[in-house]
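Novice: Below are the chains, spelled out letter by letter.
There are 2 protein chains.
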Amino acid sequence: MSAGGEFESLEEILERHVPEAQLSEVKRILFGKEITKLLLPEEAIETAKECNFELKGYGFEAAPEQLRLPRKIRVGLIQNHIVLPTYAPILDQINAIHQRVGQMVEVAAMCDVNIICLQETWTMPFAFCTREKAPWTEFAESAEEGNTTRFCQELAKKYNMVIVSPILEREKLHNTIWNTAVVISNSGNVLGKTRKNHIPRIGDFNESTYYMEGDTGHTVFQTVFGKIAVNICYGRHHPLNWFMYSINGAEIIFNPSATVGALSEPMWPIEARNAAIANHCFTCAINRVGTETFKNEFTSGDGKKARNDFGHFYGSSYVAAPDGSRTPGLSRTRDGLLVVEMDLNLNRQISDIWSFKMTGRYAEYAEELSKAVQRDFKPNIVKEE
Amino acid sequence: MSAGGEFESLEEILERHVPEAQLSEVKRILFGKEITKLLLPEEAIETAKECNFELKGYGFEAAPEQLRLPRKIRVGLIQNHIVLPTYAPILDQINAIHQRVGQMVEVAAMCDVNIICLQETWTMPFAFCTREKAPWTEFAESAEEGNTTRFCQELAKKYNMVIVSPILEREKLHNTIWNTAVVISNSGNVLGKTRKNHIPRIGDFNESTYYMEGDTGHTVFQTVFGKIAVNICYGRHHPLNWFMYSINGAEIIFNPSATVGALSEPMWPIEARNAAIANHCFTCAINRVGTETFKNEFTSGDGKKARNDFGHFYGSSYVAAPDGSRTPGLSRTRDGLLVVEMDLNLNRQISDIWSFKMTGRYAEYAEELSKAVQRDFKPNIVKEE
Numbered sequence: 001m002s003a004g005g006e007f008e009s010l011e012e013i014l015e016r017h018v019p020e021a022q023l024s025e026v027k028r029i030l031f032g033k034e035i036t037k038l039l040l041p042e043e044a045i046e047t048a049k050e051c052n053f054e055l056k057g058y059g060f061e062a063a064p065e066q067l068r069l070p071r072k073i074r075v076g077l078i079q080n081h082i083v084l085p086t087y088a089p090i091l092d093q094i095n096a097i098h099q100r101v102g103q104m105v106e107v108a109a110m111c112d113v114n115i116i117c118l119q120e121t122w123t124m125p126f127a128f129c130t131r132e133k134a135p136w137t138e139f140a141e142s143a144e145e146g147n148t149t150r151f152c153q154e155l156a157k158k159y160n161m162v163i164v165s166p167i168l169e170r171e172k173l174h175n176t177i178w179n180t181a182v183v184i185s186n187s188g189n190v191l192g193k194t195r196k197n198h199i200p201r202i203g204d205f206n207e208s209t210y211y212m213e214g215d216t217g218h219t220v221f222q223t224v225f226g227k228i229a230v231n232i233c234y235g236r237h238h239p240l241n242w243f244m245y246s247i248n249g250a251e252i253i254f255n256p257s258a259t260v261g262a263l264s265e266p267m268w269p270i271e272a273r274n275a276a277i278a279n280h281c282f283t284c285a286i287n288r289v290g291t292e293t294f295k296n297e298f299t300s301g302d303g304k305k306a307r308n309d310f311g312h313f314y315g316s317s318y319v320a321a322p323d324g325s326r327t328p329g330l331s332r333t334r335d336g337l338l339v340v341e342m343d344l345n346l347n348r349q350i351s352d353i354w355s356f357k358m359t360g361r362y363a364e365y366a367e368e369l370s371k372a373v374q375r376d377f378k379p380n381i382v383k384e385e
Numbered sequence: 001m002s003a004g005g006e007f008e009s010l011e012e013i014l015e016r017h018v019p020e021a022q023l024s025e026v027k028r029i030l031f032g033k034e035i036t037k038l039l040l041p042e043e044a045i046e047t048a049k050e051c052n053f054e055l056k057g058y059g060f061e062a063a064p065e066q067l068r069l070p071r072k073i074r075v076g077l078i079q080n081h082i083v084l085p086t087y088a089p090i091l092d093q094i095n096a097i098h099q100r101v102g103q104m105v106e107v108a109a110m111c112d113v114n115i116i117c118l119q120e121t122w123t124m125p126f127a128f129c130t131r132e133k134a135p136w137t138e139f140a141e142s143a144e145e146g147n148t149t150r151f152c153q154e155l156a157k158k159y160n161m162v163i164v165s166p167i168l169e170r171e172k173l174h175n176t177i178w179n180t181a182v183v184i185s186n187s188g189n190v191l192g193k194t195r196k197n198h199i200p201r202i203g204d205f206n207e208s209t210y211y212m213e214g215d216t217g218h219t220v221f222q223t224v225f226g227k228i229a230v231n232i233c234y235g236r237h238h239p240l241n242w243f244m245y246s247i248n249g250a251e252i253i254f255n256p257s258a259t260v261g262a263l264s265e266p267m268w269p270i271e272a273r274n275a276a277i278a279n280h281c282f283t284c285a286i287n288r289v290g291t292e293t294f295k296n297e298f299t300s301g302d303g304k305k306a307r308n309d310f311g312h313f314y315g316s317s318y319v320a321a322p323d324g325s326r327t328p329g330l331s332r333t334r335d336g337l338l339v340v341e342m343d344l345n346l347n348r349q350i351s352d353i354w355s356f357k358m359t360g361r362y363a364e365y366a367e368e369l370s371k372a373v374q375r376d377f378k379p380n381i382v383k384e385e
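Order-wise, the sequence lines are chains A and B. Read in the numbering used here, the first sequence has 177 at position 177, and its numbers run on one by one without any break. Read in the numbering used here, the second sequence has 321 at position 321, and its numbers run on one by one without any break.
So that you can see chain A by itself, here it is in the shape it has in the complex (with noise of 0.2 Å):
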């Protein structure tokens, strides 16, 4: 248990107490084929325990080919709390925690890293629980020009690294908020945004009282690394949602996220882990850390008393790879970066033995689900005479 009486980590409970002679056998079930771990440079180990954050790292291998030369990059997931109390000024909560990330992106960097993300709205608390407009739209920024972008823009050029900067947009044309990640290239140009497609109503727990459903559609950006999308949080129990990105030819899809508590926790290792064995891709889960307490008491809907803050965010991200296998999560309770090793070939090679896109019926889906929005669609339901 961790201070606060937080479970630290399944994973670490696992190996202490289920003995040797079954363990393989509970991770295979559980976890999938064993994956490699990465051996990471003292420096980094060392930085990382400086600063306090854990550091994981974990390869996934792919068989070599004959005609294609292994496509090993190496993905790096930040999950943190937020730095200084909710009540601080807002430019200092947003400038401390751009000096936290800043650390470990740089820790990252020392790892060989090539494309990075951070966590869901990751300059600010998530503050949405409140359903206070101030002054927690004041953390929006513009995708293109804000300090938010230019921060990682210089991260991005100094580390030869693509940064996926999940933020809270503010287009100034029309002064509409969006949850959207913007898309650094490793050059440093913004290689483009993408939008929150799907937007919680889940109990009273409503973001479209600051954002609404996304524009962007399912938008894949091709990095020298690979060809990457970012499904937004609420987007990972919509299997539509990672099922276009793939469409759509991404490799790797990013879910930052922002998630606490007894109802969503069971569901976190399974619906990214889905995704990756259904799409023939991998998938990143990235959930925010730590309890994050306001300055005015709201209530939920849920019955309960008024409170200051909306539960335990439990961390836990993870990477799944397409053949079923995925890494352990980082901790439950404390900041983390998990550097990732794929070979981007085993996308095709999974999907050369399990053949899903071939055998999906997609016409035949597109049509079935034309007619089912049809206000006049008549479900395929048999009765007894």
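Do not rely on the hints blindly, as some may be mistaken.
Claimed, not checked - When the alpha-carbon atoms are kept at most 27 Å apart in a straight line, the in silico BS3-like pairs for lysine-lysine are as follows:
| hint | chain 1 | residue 1 | chain 2 | residue 2 |
| --- | --- | --- | --- | --- |
| 1 | B | LYS72 | B | LYS357 |
| 2 | B | LYS371 | A | LYS378 |
| 3 | B | LYS357 | A | LYS383 |
| 4 | B | LYS157 | A | LYS357 |
| 5 | A | LYS383 | B | LYS158 |
| 6 | A | LYS304 | B | LYS27 |
| 7 | A | LYS304 | A | LYS133 |
| 8 | B | LYS305 | A | LYS33 |
| 9 | B | LYS158 | A | LYS27 |
| 10 | B | LYS72 | A | LYS27 |
| 11 | A | LYS72 | A | LYS33 |
| 12 | A | LYS33 | B | LYS27 |
| 13 | B | LYS33 | A | LYS305 |
| 14 | B | LYS72 | B | LYS172 |
| 15 | A | LYS383 | B | LYS157 |
| 16 | A | LYS27 | B | LYS33 |
| 17 | A | LYS37 | B | LYS27 |
| 18 | B | LYS33 | B | LYS72 |
| 19 | B | LYS383 | A | LYS72 |
| 20 | A | LYS27 | A | LYS37 |
| 21 | A | LYS172 | B | LYS383 |
| 22 | A | LYS383 | A | LYS371 |
| 23 | B | LYS357 | A | LYS371 |
Claimed, not checked - Output of the computed footprint for chain A on chain B, the stretches with three or more beta carbons under 8 Å from beta carbons of chain A:
| hint | stretch |
| --- | --- |
| 24 | 206-220 |
| 25 | 272-283 |
| 26 | 348-355 |
As the list claims (entries may be wrong) - Some chain A residues well away from chain B (every beta-carbon gap over 12 Å; in silico):
| hint | residue |
| --- | --- |
| 27 | PRO41 |
| 28 | GLU61 |
| 29 | GLU65 |
| 30 | VAL83 |
| 31 | GLY102 |
| 32 | ALA109 |
| 33 | THR130 |
| 34 | ASN147 |
| 35 | LEU173 |
| 36 | PHE294 |
| 37 | LYS295 |
| 38 | ASN296 |
| 39 | ALA306 |
Read the hints as simulated data drawn from the structure, not as lab findings. Glycine included, C-beta positions come from ideal geometry on N, C-alpha and C.
Following the hints, position chain B against chain A.
Specialist: Here is chain B on its own, set in the frame of chain A:
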């Protein structure tokens, strides 16, 4: 370990070794909300023991509502070995399995099961790995008038039970063979049939040697106990398949399967469970057990020596609920009957909380998918200029 060297059960290993203090958190993260064990009648427990099969019972509860009565029903899942050797006379093989499964259905009746689902092509060995047409196609029967359907009709009437009977179907008129589930009403009438929508071509394991993709779409069967659908085997890898059954109104989707070995087992706990979450419904995953040995050796296009078996079918049948929780699995090695009580009100309750259908944007997906299946589809890929 079982006699055959196969690992018996993930859940039992965890129960045995993880300390009490951590076990509930481990189980919550892995399996979701704690579910209740059903008290099953002594007679059923005794008979299962005498007949040497595992009997387990669990219950998923829902909250009481003011305007709807609970809709509690009991579902039964049966997993079993073949009974006689694969070289025994065909009619003897079928009769022996009928007798065995008949015993198990009787125990299900003692447990007040309302709907039971048998495993894929339950009357026969899963001989499609041999690629021999004879004698295996002789196992095919008429869905409407075959011996197996008649056998199930008797059971259905006798026990007032809906029976989902997945068989190898022979369509007489054109001599075509299908992989079909026959749904028999508790009245004893054949309510209808539904054919396997996605046919595996995994490595060299190509069932389209025997039967092609089904032509029955996504039929849902309205029984007196609830609306059910059957997603046969390999269709579980296709999220669109589960989805379309749900769109047609399915409250419970059965997934009778036959799957072996290292490649699929880590996917097994993920796919049906993801479908239950994503579609706000119950899913029931059923896999046969045992290693089936054939007279003639065959290769599997995997560079290995010719052999006489396809590998170990690992059982592990389970039920998943829309709230992300699931039952433990049946054994990896033994015949078994899983009895699960579920309040179907849970589906709507979870849908009202999580709202995946409301937030699904299906009209937009219908449009995107319709474009994606066109020959001139241009994927939405952004590149640096």
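Novice: All hints, please: hold or fail.
Specialist: Tested hints:
no., hint, in the structure
1, LYS72(B) to LYS357(B), "holds (23 Å)"
2, LYS371(B) to LYS378(A), "holds (24 Å)"
3, LYS357(B) to LYS383(A), "holds (24 Å)"
4, LYS157(B) to LYS357(A), "violated (42 Å)"
5, LYS383(A) to LYS158(B), "holds (21 Å)"
6, LYS304(A) to LYS27(B), "holds (26 Å)"
7, LYS304(A) to LYS133(A), "holds (23 Å)"
8, LYS305(B) to LYS33(A), "holds (23 Å)"
9, LYS158(B) to LYS27(A), "violated (44 Å)"
10, LYS72(B) to LYS27(A), "violated (35 Å)"
11, LYS72(A) to LYS33(A), "holds (18 Å)"
12, LYS33(A) to LYS27(B), "holds (22 Å)"
13, LYS33(B) to LYS305(A), "holds (23 Å)"
14, LYS72(B) to LYS172(B), "violated (39 Å)"
15, LYS383(A) to LYS157(B), "holds (17 Å)"
16, LYS27(A) to LYS33(B), "holds (22 Å)"
17, LYS37(A) to LYS27(B), "holds (26 Å)"
18, LYS33(B) to LYS72(B), "holds (18 Å)"
19, LYS383(B) to LYS72(A), "holds (20 Å)"
20, LYS27(A) to LYS37(A), "holds (15 Å)"
21, LYS172(A) to LYS383(B), "holds (25 Å)"
22, LYS383(A) to LYS371(A), "holds (21 Å)"
23, LYS357(B) to LYS371(A), "holds (16 Å)"
24, 206-220, "holds (count 5)"
25, 272-283, "holds (count 4)"
26, 348-355, "holds (count 3)"
27, PRO41, "holds (29 Å)"
28, GLU61, "holds (15 Å)"
29, GLU65, "holds (15 Å)"
30, VAL83, "holds (27 Å)"
31, GLY102, "holds (24 Å)"
32, ALA109, "holds (20 Å)"
33, THR130, "holds (20 Å)"
34, ASN147, "holds (22 Å)"
35, LEU173, "holds (21 Å)"
36, PHE294, "holds (23 Å)"
37, LYS295, "holds (28 Å)"
38, ASN296, "holds (25 Å)"
39, ALA306, "holds (20 Å)"
Comparing the model with each numbered hint stated earlier shows that hints 4, 9, 10, 14 do not hold.
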